[in-house]
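Generate the whole structure from the sequences, applying the supplied hints.
Number of protein chains: 4
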Amino acid sequence: MSSRRPLQARRLIAEYLGTLLLVTAVVGSGITAVNLSPNDVGLQLLENSVATMLALAVLILTLGPVSGAHFNPVVTLADWWLHRHDPDTIGVTEVAGYVGTQVLGAISGAVLANLMFGLPAVSWATTTRTTPHLWIGETVATGGLILLIFALVRTHRTRYAPAAVGAYIGAAYWFTSSTSFANPAVTIGRAFTDTFAGISPPSVPGFIAFQLVGAAVGLALVLVLYPRQTTVTGDTAPTEPAATQRVPARSRS
Amino acid sequence: MSSRRPLQARRLIAEYLGTLLLVTAVVGSGITAVNLSPNDVGLQLLENSVATMLALAVLILTLGPVSGAHFNPVVTLADWWLHRHDPDTIGVTEVAGYVGTQVLGAISGAVLANLMFGLPAVSWATTTRTTPHLWIGETVATGGLILLIFALVRTHRTRYAPAAVGAYIGAAYWFTSSTSFANPAVTIGRAFTDTFAGISPPSVPGFIAFQLVGAAVGLALVLVLYPRQTTVTGDTAPTEPAATQRVPARSRS
Amino acid sequence: MSSRRPLQARRLIAEYLGTLLLVTAVVGSGITAVNLSPNDVGLQLLENSVATMLALAVLILTLGPVSGAHFNPVVTLADWWLHRHDPDTIGVTEVAGYVGTQVLGAISGAVLANLMFGLPAVSWATTTRTTPHLWIGETVATGGLILLIFALVRTHRTRYAPAAVGAYIGAAYWFTSSTSFANPAVTIGRAFTDTFAGISPPSVPGFIAFQLVGAAVGLALVLVLYPRQTTVTGDTAPTEPAATQRVPARSRS
Amino acid sequence: MSSRRPLQARRLIAEYLGTLLLVTAVVGSGITAVNLSPNDVGLQLLENSVATMLALAVLILTLGPVSGAHFNPVVTLADWWLHRHDPDTIGVTEVAGYVGTQVLGAISGAVLANLMFGLPAVSWATTTRTTPHLWIGETVATGGLILLIFALVRTHRTRYAPAAVGAYIGAAYWFTSSTSFANPAVTIGRAFTDTFAGISPPSVPGFIAFQLVGAAVGLALVLVLYPRQTTVTGDTAPTEPAATQRVPARSRS
Numbered sequence: 001m002s003s004r005r006p007l008q009a010r011r012l013i014a015e016y017l018g019t020l021l022l023v024t025a026v027v028g029s030g031i032t033a034v035n036l037s038p039n040d041v042g043l044q045l046l047e048n049s050v051a052t053m054l055a056l057a058v059l060i061l062t063l064g065p066v067s068g069a070h071f072n073p074v075v076t077l078a079d080w081w082l083h084r085h086d087p088d089t090i091g092v093t094e095v096a097g098y099v100g101t102q103v104l105g106a107i108s109g110a111v112l113a114n115l116m117f118g119l120p121a122v123s124w125a126t127t128t129r130t131t132p133h134l135w136i137g138e139t140v141a142t143g144g145l146i147l148l149i150f151a152l153v154r155t156h157r158t159r160y161a162p163a164a165v166g167a168y169i170g171a172a173y174w175f176t177s178s179t180s181f182a183n184p185a186v187t188i189g190r191a192f193t194d195t196f197a198g199i200s201p202p203s204v205p206g207f208i209a210f211q212l213v214g215a216a217v218g219l220a221l222v223l224v225l226y227p228r229q230t231t232v233t234g235d236t237a238p239t240e241p242a243a244t245q246r247v248p249a250r251s252r253s
Numbered sequence: 001m002s003s004r005r006p007l008q009a010r011r012l013i014a015e016y017l018g019t020l021l022l023v024t025a026v027v028g029s030g031i032t033a034v035n036l037s038p039n040d041v042g043l044q045l046l047e048n049s050v051a052t053m054l055a056l057a058v059l060i061l062t063l064g065p066v067s068g069a070h071f072n073p074v075v076t077l078a079d080w081w082l083h084r085h086d087p088d089t090i091g092v093t094e095v096a097g098y099v100g101t102q103v104l105g106a107i108s109g110a111v112l113a114n115l116m117f118g119l120p121a122v123s124w125a126t127t128t129r130t131t132p133h134l135w136i137g138e139t140v141a142t143g144g145l146i147l148l149i150f151a152l153v154r155t156h157r158t159r160y161a162p163a164a165v166g167a168y169i170g171a172a173y174w175f176t177s178s179t180s181f182a183n184p185a186v187t188i189g190r191a192f193t194d195t196f197a198g199i200s201p202p203s204v205p206g207f208i209a210f211q212l213v214g215a216a217v218g219l220a221l222v223l224v225l226y227p228r229q230t231t232v233t234g235d236t237a238p239t240e241p242a243a244t245q246r247v248p249a250r251s252r253s
Numbered sequence: 001m002s003s004r005r006p007l008q009a010r011r012l013i014a015e016y017l018g019t020l021l022l023v024t025a026v027v028g029s030g031i032t033a034v035n036l037s038p039n040d041v042g043l044q045l046l047e048n049s050v051a052t053m054l055a056l057a058v059l060i061l062t063l064g065p066v067s068g069a070h071f072n073p074v075v076t077l078a079d080w081w082l083h084r085h086d087p088d089t090i091g092v093t094e095v096a097g098y099v100g101t102q103v104l105g106a107i108s109g110a111v112l113a114n115l116m117f118g119l120p121a122v123s124w125a126t127t128t129r130t131t132p133h134l135w136i137g138e139t140v141a142t143g144g145l146i147l148l149i150f151a152l153v154r155t156h157r158t159r160y161a162p163a164a165v166g167a168y169i170g171a172a173y174w175f176t177s178s179t180s181f182a183n184p185a186v187t188i189g190r191a192f193t194d195t196f197a198g199i200s201p202p203s204v205p206g207f208i209a210f211q212l213v214g215a216a217v218g219l220a221l222v223l224v225l226y227p228r229q230t231t232v233t234g235d236t237a238p239t240e241p242a243a244t245q246r247v248p249a250r251s252r253s
Numbered sequence: 001m002s003s004r005r006p007l008q009a010r011r012l013i014a015e016y017l018g019t020l021l022l023v024t025a026v027v028g029s030g031i032t033a034v035n036l037s038p039n040d041v042g043l044q045l046l047e048n049s050v051a052t053m054l055a056l057a058v059l060i061l062t063l064g065p066v067s068g069a070h071f072n073p074v075v076t077l078a079d080w081w082l083h084r085h086d087p088d089t090i091g092v093t094e095v096a097g098y099v100g101t102q103v104l105g106a107i108s109g110a111v112l113a114n115l116m117f118g119l120p121a122v123s124w125a126t127t128t129r130t131t132p133h134l135w136i137g138e139t140v141a142t143g144g145l146i147l148l149i150f151a152l153v154r155t156h157r158t159r160y161a162p163a164a165v166g167a168y169i170g171a172a173y174w175f176t177s178s179t180s181f182a183n184p185a186v187t188i189g190r191a192f193t194d195t196f197a198g199i200s201p202p203s204v205p206g207f208i209a210f211q212l213v214g215a216a217v218g219l220a221l222v223l224v225l226y227p228r229q230t231t232v233t234g235d236t237a238p239t240e241p242a243a244t245q246r247v248p249a250r251s252r253s
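Protein chains in written order, with the working numbering: chain A, 1 to 253; chain B, 1 to 253; chain C, 1 to 253; chain D, 1 to 253.
Any given hint could be a false lead.
[Claimed, not checked] Okay, the calculated beta carbon distance ranges per label pair: (1) D:133 / C:201: 20 to 28 Å; (2) B:132 / A:39: 33 to 41 Å; (3) A:86 / C:127: 53 to 61 Å; (4) A:92 / B:202: 56 to 64 Å; (5) C:127 / D:81: 39 to 47 Å; (6) A:123 / C:228: 40 to 48 Å; (7) D:130 / B:130: 38 to 46 Å; (8) D:127 / B:227: 36 to 44 Å; (9) A:202 / D:115: 53 to 61 Å; (10) A:85 / C:228: 27 to 35 Å.
Because the hints were derived from the structure by calculation, they are not lab data.
We put the CB at the ideal spot given by N, CA and C, even for glycine.
What follows is the structure, given as structure tokens:
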């Protein structure tokens, strides 16, 4: 990241732009998928999930050095909570700025996708997503996301975050029952488009509530599995830990 | 990995959680695939294999520093056997703990997937997988997995394990006749769900038996191809070895 | 890259060959996709986008050390403009050489693809792409591409460019309404083949115009988000920047 | 790679096993694809190409340190020719051993795939592949493969070879008219199975002839673009070379 702390303004612009483009990617690829593969919803989801995975990885890589590339209120909240006793890190004011910016970016992203595909700027989503088992899905999806991100942070391996977070979401689209929104800002943004990726406004609060529950579960797992910052060599898995301690320094990456 | 040896408890929690989420990913993505792509079993397997590959890679990356991210009894057994004369590594007790934990995690993962998709917590699988040529498939699948993992361990390149093990399983789903279970714990877990990824209880022993045969074959190949720990530079392939020995140190990664 | 500056001739050959093979990959994979998946245009685009993404990544990796692997006039122009006050970098003459070579390479690539599939060497494309909302798509696609590339350049992370640029295009095929040409040379080349990837000659100027608009937008974002060259550690995202400053040197990659 | 030169025997075993498993992956995934996706040949090729790409990458990563992971006579021949004046590298005898072993491995791989799927051990392929434009395809496919591999070798970046060669073949399946065999040993092996990946024996010589032509073209491009060994920093693309020379050493990977 920058050798000097980036200005607050640049960081908010990065969070706005990143969340905007993430939602544009999610919504836009969903529109294309439905238009071009009308006969198989699974194929539509495959097209949508692959495009989302790749776009998310690229956005984190592109904007991470500026803002940390949260693009997600639960990531910002978890980051604040884990480092709340560290004077160098973000405080409540910055958290509010990040979260507000992310929500505005997400809404803008849905609008951009609508316009880019010749649809009205805003069309409220009509897809109802309120079945309780979907909430289990959001809990699992968000818990896993928080565990992944802060496992990388606590082991100084966030260089893997772009590919890993993208891959995680690409998989979670499929293995969770809710197609893994796992992001309150994106959930709100997706209410502004009545397309494949949409979620009806009345379904939004339930999703956000269980995303927060999932984030809490994820944080608990982080504290149990990674109670403190540790340094990881290039060699970590799958072999039992002791073996990897014998890696000569020069083979570390 | 951790600069101090992680506590035993954390390691067992990591193995439990990792095997649980791996089975949730395998079973859950299979359920979604069948629900959304009802007309093409190949497309279902493509969706299932891509999601499994990505989830497995992320789980190894996330939990490797804690437990080594085995999630698989044959990996644990092979690891113990290869290092059995090394006092620093896992002993028989730890092996028993790992294996038991992996099996419990796998069963829990199937239950979680069932619940997340609104199905009964447990429904015994009815998919019979007992044709002898499937056993050749499990032998090949498991042998290749063990060779890959310990080739990386013996060349101090386990930093590549998350992506490589994920990619291997993603391919083996297709090139083996058995869709590559290659994991006794996951095989047991998959008996608890009567969905795309299920295997009927009577088919389980045969799969596990040939997974053990495959592991033995894989270990034999490891001993032949990598008789001892070696250090590999960033430059390894494809050119004949002598050439790569001329890599200046500063270009190594 | 080469420890001595490559000769101009080699650099132009690399730009010619790279742009040629990029268009061959785009056009050729499109022909195969339509031939083999006649019943689902989305599946055709999935096949075309995955092949393009992989080929582009490999071409940048292969030829980057020689010419920088621009393969795209807007990348060359943006690179010249950003470094216009730096005597070490390319000047107007080199820019003209690069751009002309890229256009010739793109046309040659379409011809090679046509011949390789037993079609006439040249068949003018008849696919009209002139709807205004497609122009928004090209603006978004090109702006994102320029931001990605120069965010990596300004943070000394172009080692990620092959995978990242490939992934970006693979996603942009889906989330933009125009399937993301984002390259004036490739757009011209694609007018020479009346196949899946073709664009009718009358549609070309509009696409190029908005690609230039997108490039300007992307450059503006680069200047706002990365006002100067900075050095990024391996650890960049997603966590707030301050945290990543505490990475011990030995864990950097 | 090994800190001491591996024994000849181990290297031949690695070439045999690697070529065997590569053909097993190509043929086996093709059989599964046809069985499970009977209605769309493009989907079959997508499944086959993704599985092949992943398996090839994993095999190069696994066996590269032992033998260099050629698995391909044209790679072995090109490697010998480029280093023919270097006493440290392979000589004519080793070339003969490698090539013979690769052919035996490829045949064994087809037999294993046949048996694993319950088919007769050998069934001569009946798929005729003799159209001249397919030969253009093999020329392009093999030329690109040789250029990629030795561009990495000459820039000391073969650490990228596993992913890059896999990605290249995954793309070339689609953008070449011949589905990119690009390997004489694999071409011979694929004559032993009358399945999706098969090639009729009479079609084999033409493919091999143009693979050799392609290899010569590829070598010529290597000599033009990379006349000598050079060292590449982590930063190579896409920006013009001079810029990347300003990378501070500590940001290199």
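Each hint, compared with the structure:
1. In this structure the supplied range 20 to 28 Å holds for residue 133 of chain D paired with residue 201 of chain C, their Cβ-Cβ distance being about 26 Å.
2. Under the hint 33 to 41 Å, the C-beta atoms of residue 132 of chain B and residue 39 of chain A, about 38 Å apart, fit the expected range.
3. As the Cβ distance of residue 86 of chain A to residue 127 of chain C is approximately 56 Å, the hint placing it in 53 to 61 Å holds.
4. A hinted range of 56 to 64 Å for the beta carbons of residue 92 of chain A and residue 202 of chain B is consistent with their spacing of about 59 Å.
5. Range check, residue 127 of chain C to residue 81 of chain D: Cβ separation about 44 Å, and the 39 to 47 Å hint holds.
6. At about 42 Å, the beta-carbon gap between residue 123 of chain A and residue 228 of chain C stays in the expected band of 40 to 48 Å.
7. Between residue 130 of chain D and residue 130 of chain B the beta carbon distance is about 42 Å. The supplied range of 38 to 46 Å therefore holds.
8. For residue 127 of chain D and residue 227 of chain B, the hinted distance range of 36 to 44 Å is satisfied, since their beta carbons lie about 42 Å from each other.
9. A beta carbon spacing of about 57 Å between residue 202 of chain A and residue 115 of chain D agrees with the range 53 to 61 Å that was offered as a hint.
10. Range check, residue 85 of chain A to residue 228 of chain C: about 33 Å between beta-carbon atoms, so the 27 to 35 Å window is met.
The structure shown violates none of the earlier numbered hints.
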